[in-house]
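Peer 1: Letter by letter, the chains look like this.
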Amino acid sequence: MGTDDTGGRQATAAPGTAPAIELKGISKAFGPVQANKDISIRVMPGTIHGIIGENGAGKSTLMSILYGFYKADAGEVFIAGKRTDIPDSQAAIAAGIGMVFQHFKLVENFTVLENIILGAEDGGLLRPSLAKARKSLLELEHEYGLNVDPDAVIQDLGVGMQQRVEILKALYRQADILILDEPTGVLTPAEADQLFRILDRLRTEGKTIILITHKLREVMEATDTVSVMRRGEMTATVKTSETSPAELAELMVGRKVLLRVDKTPATPGPVVLDIKGLRVRDESGVERLKGIDLQVRAGEILGLAGVAGNGQSELLEVLGGYAEATGEIHINGQPLDLAGKDAHGRARRARGIAHVPEDRQREGLIMDFSAWENTAFGYHRDPGYQSGLLLNNARIRTETEEKMARFDVRPPNPALAAKNFSGGNQQKIVLAREIERDPDLLLVGQPTRGVDIGAIEFIHQQIVALRDKGKAVLLVSVELEEILALADRVAVMFDGTIMGERLSAQTDEKELGLLMAGVAA
Amino acid sequence: MDVMPKWAEVALVPLISLILAAVLSALVILAIGEDPLEAVNLMVTGALGSTYGWGYTLYYATNFLFTGLAVSVAFHAGLFNIGGEGQAMLGGLGVALACLLIPWPHWSLALLGASLAGALFGAAWAAIPAFLQAKRGSHIVITTIMFNFIGAAVLNYVLVNLMRPAGQMDPATARFPDTTNLPTLHDILAPLGIAFSKSAPANVTFLIALLACVLVWFLLWRTWLGYEIRSYGKSEPAARYGGISPVAITMIAMLISGGLAGLMAINNVMGEAERLVLNAVEGAGFIGIAVALMGRSHPFGVLLAAILFGFLYQGGAELALWTSIPRELIVVIQALVILFTGALDNMVRMPLERLFLMLRRSRA
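So the protein lines, in turn, are chains A and B. Note that our numbering numbers the first sequence so that position 313 is 313, with each residue one more than the last. Note that our numbering numbers the second sequence so that position 54 is 54, with each residue one more than the last.
Next up, chain B with everything else stripped away, as it sits in the complex (with noise of 0.2 angstroms):
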């Protein structure tokens, strides 16, 4: 028997754990001399209190929930891809690329060209660790994330030497013609008759990254293949039984994972910076691994948890802005958030599940 229900599990642990980083920051933000109460409501008018505010968020929480959902399809055939920083850096390379070389007449083409592109790109750069893990068992932790550093030093060559516009001086591309440039939430929420914060860059590549939650959860759980990567995810012996290929189905789910981190590209490559940048992810690849864990792997619980990290990541560059809270301490919340919710699982889960069982013996 489960020792705990159903809900107890999706959202009383991940509750409490983030109650317990709450609690723990706020002690770290009064041994510096601020006041936590004042920090909170700087962080909740920030990010939520405000269109502009809730842009922002919405525009992290993209980020997040492409490469939340990219280490949780991995996870689920049992690989932990922590390439994803990587295939996004790549994923920006490709969709510069569709961008830059293919004269798009509308936005709307521009934007399938682009996602095809930047899935391309993340998906091959996920091949490789993928393959090298199917035939060679090379393990997959260590060769992704040598593959981060090895895409970042891809990328500043790319930049620098061949796609820097003459005589720029930054490494970055050239701005992406017009054409290109995708609707933000303003632009999509104006017929409508809601206004929303012109400023903040939330765009239509949000609703791309709510499509591709629906669409994760239905290949997992409605599909052939969802079910032979979640079995060999569970059990490989088993699914050799089975007669599912280990070899096929690595490279499958590695290829859908870095496909998926590549898309990230469209949200802050196409949508926001409208050029590539070195750096452009800004550790949104590793976020990922945390918005995974805390969402069980499920997508609904990734775009739960994607909001939260946007969330933190607006409402702490809010704190960093208003109070003398250094922007390294907004990096110590977060990291106490992801302790909490990923690395402590079991700290809350014991208790509980003691819990649970003192109740159900005291009833039955």
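Just chain A, with the same shape it has in the complex (with noise of 0.2 angstroms):
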């Protein structure tokens, strides 16, 4: 990533400059919940200033009450200098302030030039609006080197391009501050690269920054100052450069974390799942996976690397036996019987597999149930959580105390609704769900998206120790450090195919970053 440049990584603004921004005080409850304590920071301009922390830690809402979001209980903001109420996203805008969202805001069919016009339109007439907005977009992709070709079509843009038009609406709207949540979150290495040029370029031109996110790299690369949030409270801001990863990690988190995966070489025994030839198609009839062909060794995980969307989760769902696909698949040797008596989940519980799958609240989890409902989730027709037509449910609930003591899940409370679980702890409840059974073959997806550092470490350590039992691990993760921290051998898909196998000892996100761009090594 654009390191070659941290000479000019000083804060340009002279002493005495009002900062861009000064955030004074700010506090913001949620019901009992302190999303915000007393927060306090200045930013000045001309400056990219890092602002990380854990899930939950308040960033997103400290964001949200300086784009109008959110009303601060109390607090005040400055910008350049100057007290500013920002009631709603409006006055935000016309305060300077742009917003680039994890989540685009961008309407699919409709071209750059529209999307970018929408809600500044002057007038009640298009033309003249879309004619005016060509003319500076122009100007804009000139002075800043955003090229977008403005007559594309918002689908057809890959999602690099979809954020630059998002940073293109920002400044349309004459956004002197951007702020942008967790942009890397959906690019490739060599789009994060591209956008931090994008961002040095825009600080050269005087624009002010503020990258909210959770990676520790990024922080170091491209800021200039970082300031850190734990639990709703500002723990620290620092000057970048006399900072490291592992003081912003035990900023982070308040202890000393284990950044790096301990784990001996692989072991890899004998293959438990081997795929030949799998394809699978798409409601609408496009071929999701064409021809994959992959094999994972008993004690070993492979890591399928890849940006989201070339078709891993579409292979998490078929080997879980929710998606229908054909070719062949053979666990410990004895094949799959794909469209007839192993074609659902059950089936494939039998014959061990388990599957963390890749959007734990939404697949993994039934948010509503109570943790220990959930705990039988999947297995609720095994003998001993079911009796004839009845549910085992006192030994359920035992059993998920003892899971949830042994995976340290917070608060011990079999009887709380997952929804009430931090994003951490409810994975800690689909991973002992999933691991305590004991299967063959672990499927994992994402396994610490959205989760917080300290229980990532935990997560990882589980991951392989199940490993070091001679099991079979098949890891999905869209984040690569990941990947090369925890897989032992790792395959890079793109559009469907598989572009690559390394070992990870001997590869490098360089490398791996080609592959999953389409580009064979």
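It should be emphasised that the hints constitute simulated quantities derived from the structure, not laboratory data. Be aware that a few hints might be false.
As the list claims (entries may be wrong) - The list that follows gives simulated cross-link-like pairs (lysine to any residue, SDA-like), each with its CA atoms no further than 25 angstroms apart:
1) K215/A - R42/A
2) K419/A - K135/B
3) K135/B - D282/A
4) K135/B - R362/A
5) K341/A - S245/B
6) K6/B - L416/A
7) K234/B - R362/A
8) K239/A - R42/A
9) K419/A - R240/B
10) K71/A - E353/B
11) K6/B - H344/A
12) K263/A - A417/A
13) K234/B - V348/B
14) K37/A - R255/A
15) K263/A - E501/A
16) K6/B - V33/A
17) K6/B - A417/A
18) K6/B - F30/A
19) K419/A - A153/B
20) K234/B - H344/A
21) K135/B - A347/A
22) K341/A - R240/B
23) K215/A - A347/A
24) K198/B - L48/B
From the two separate chains plus the hints, produce the assembled complex.
Peer 2: As structure tokens, this is what we get:
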């Protein structure tokens, strides 16, 4: 990532300049939860300021206050030294604040130009607005090196391009302060590099940028100053050049954190999962898996890297037994009857396949169900949980208590609804359910998405422990860092095919990034 | 964290909704120049002041219990079955056929047979929309409501052309044989030394409805099938992940739902009319939706809501009988209750939640 220009990474503002943004004593509570507690920061103009913190630390709340979505209970906002009230997003835009959300707010079937003027049209007629916008858009593109075809339709653009449109949207509204919320979550490493180059250019042109992220590396590489949030409080603001990832992680979590996964080299055994020529079509007939061949051995973790949407989810669904596919899958040498008796999740579980799905809130858990009801989910027809028509509620409850203790789920209350646990604890509930069944093959999708650093460490340890017990693990993650840290072998998916396989000890992010972009190395 | 304690969620919200509906109804009664207090008095004494009143209240409540449970079961599977009306109509046809075609030696056997027939017919009527939803994705709200009209037309045809005894003027079946007549609450309570009105229609079916309540609760919270139904209703992607077949659960939940609606016929057709007449359901299928909404789709809540609506029905009838308050106004009052407890639920809930939040914060 653009480390070549670290020299120019000093704040350009001279002493005595008013900060571009200053927050003084911002507090915000949602019911009993204090999301922001007396937060003060100063961001100088022409700098990139990182805000880092775990999920639920209050980063998004703070930015939502700045963008007028929430009203702070207490505190003041100063823009360029002037006290400013921001009751709604219109006021934020008027004050020169632009926001690029994690989930883009673009109209998919509109062109770039139409999206850019949306909500900022002049007058009732479209044509004059479009003509005017085209002119200023070209100027902006030229000024900041943000090249996008104004007439391209959004849905035809890649994610990186769509993000540029979001940035252009903000610039078109004359934003001087740009807030980016987890901007690299959906980007390939190369796209992320490009983004940081763009941000660098914007900074040189005098814009102020606030970068919200949970990725330490991005903060280290792209920012001038960084603020750390923990449990609604601003625990520290430091110069990036004067800190280290380990220090930031400790500030975020409040204790020392192991950033690397502790594991011994793998000792792969016999093939557990053998996939040959697997093909999947989605509902509209588009081929999402185009003949996948893949093997996972006992005692190894195979990491499946790739930008989201290149077929990894489909592969997990097929293996988990809830998507139709053609081709061959063997488990421990025995074929799976894909269309017949093995065509549902229960049959797959009976064959020793456990699955931690990518989207735990949609698939892995039933958010309204209590923790104990979720602990039986998928296994509820197993003998022991079921006797006749009855569900053995008492036994499930007891087991849940044990599992919660073993996996350190907090609070350890089996009766609490899943939605009331934090992301990390929700994931621990799913993981406990799947791992404790002692599967031969564990499918894990995005094991640490939306999970705080403290829990990441624990979850990674559990996955490695399962491998060390001689089980096969197929890990799907969009976080390359996670794949490299956890997997013994890496396969890269692109557009429904396996672009290549590497031993993780013999590859790096650059090589994988090329494969992820569909460039055969 | 849940914002409100459970008791407030279950009891306080419906209670306040109810009070609001009552206040608004009182204003309407005032506006047409009648005395609201007198009206309340009439309703209460009419519906609850005598065993005769209770007999009617419980009779209506029995109908609403079945249809309310029917809506609840489907609702737990995430399906909005508004075809209770049609399913109860067809249930009536099943009950009538069972009572007329089979020479039952005793009412208890007749009750068993008629229950089966009613449930089967109701379930069959729900099965078609369920199948269309499960296999073709036709929206169940649309299909079930259309099946209400088809059901009415079918019944019309059957009663006029097939089951009407020769020479009879009104479109109804012949009277059921005496051996199929169900004991009323009077018959049941008399041996226990409790005097209950002889002429009120409440009958043994009320006990069956209570049993149905318990069974539905048991199904939903004690069996794996109920667990699968609730899972599917909460999250279809999760259910698919968990190996639960959407087709099977849609079918099963709707069959149970239709069966419960069909069971209503043993109350109104076999227990009360003792023959099948046109429009025997009298809107109970739709009231079932309100009952399920107000009862939060929990069998116990459904029981309370069904009794409340039974009271409103009977009290309303008394009101129309003894005052110049027109029959239509009774419907307005009932509609207000439905509006406040069902549709405007959030209007009461939100301020209450805020209140509880404030209380909690001031305590913290």
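Peer 1: Quick check: which numbered hints come out false for this structure?
Peer 2: 2, 11, 12, 19 and 23
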